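J.: Sequence:
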Amino acid sequence: KVFNASDIAVDPYFQKHDLKITIKSVNGGLTVKNTTNGTSWAFKGSLNSNDTVVLDGINTYKNNNYDSMETDFGYIKLEKGWNEITLDKVADITFSFPFIYTF
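Numbering-wise, the sequence shown is residues 399 to 501 according to this note's numbering.
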């Protein structure tokens, strides 16, 4: 689960909000899905346990090199409150985003 304490959804696609997801994978491709809202993202390229993949907004980097062409061009959006996240072939994952408050 990931908690978004913001007043609004964190949406890197339509609203250009900051959302960085850092992933260490087991061998093979990987998938991250937010079952709360149905958004998902998958990396289809080859990976080994030493690789780091970063989904920075809607852009993907593998070992600090731009690599969005190896994805399904999906993205992850976080709703307000708790978000149920499912992972496939992910050894470690970190979500980094600012809380957004509207006045």
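The set of hints was computed from the structure by calculation and includes no laboratory data.
Please read all numbers here as calculations on a predicted model, not as lab measurements.
The beta-carbon is built from N, C-alpha and C at its ideal position, and this holds for glycine as well.
Errors might be hidden in some of the hints.
Here are the computed distance ranges between Cβ atoms for each label pair [said to hold, decoys possible]: (1) T420 - K478: 21 to 27 Å; (2) M467 - A403: 17 to 23 Å; (3) W480 - N446: 17 to 23 Å; (4) F495 - E468: 34 to 40 Å; (5) K487 - G455: 27 to 33 Å; (6) Y499 - K418: 18 to 24 Å; (7) Y464 - G426: 32 to 38 Å.
BS3-like, lysine-lysine: derived pairs with alpha carbons at most 25 Å apart [said to hold, decoys possible]: (8) K460 - K422; (9) K431 - K414; (10) K478 - K442; (11) K422 - K399.
J.: Against this structure, judge whether each hint is valid.
T.: Structure-based check of each hint:
no., hint, result
1, T420 - K478: 21 to 27 Å, "holds (23 Å)"
2, M467 - A403: 17 to 23 Å, "violated (34 Å)"
3, W480 - N446: 17 to 23 Å, "violated (32 Å)"
4, F495 - E468: 34 to 40 Å, "violated (23 Å)"
5, K487 - G455: 27 to 33 Å, "violated (22 Å)"
6, Y499 - K418: 18 to 24 Å, "holds (19 Å)"
7, Y464 - G426: 32 to 38 Å, "violated (21 Å)"
8, K460 - K422, "holds (10 Å)"
9, K431 - K414, "holds (19 Å)"
10, K478 - K442, "violated (29 Å)"
11, K422 - K399, "holds (17 Å)"
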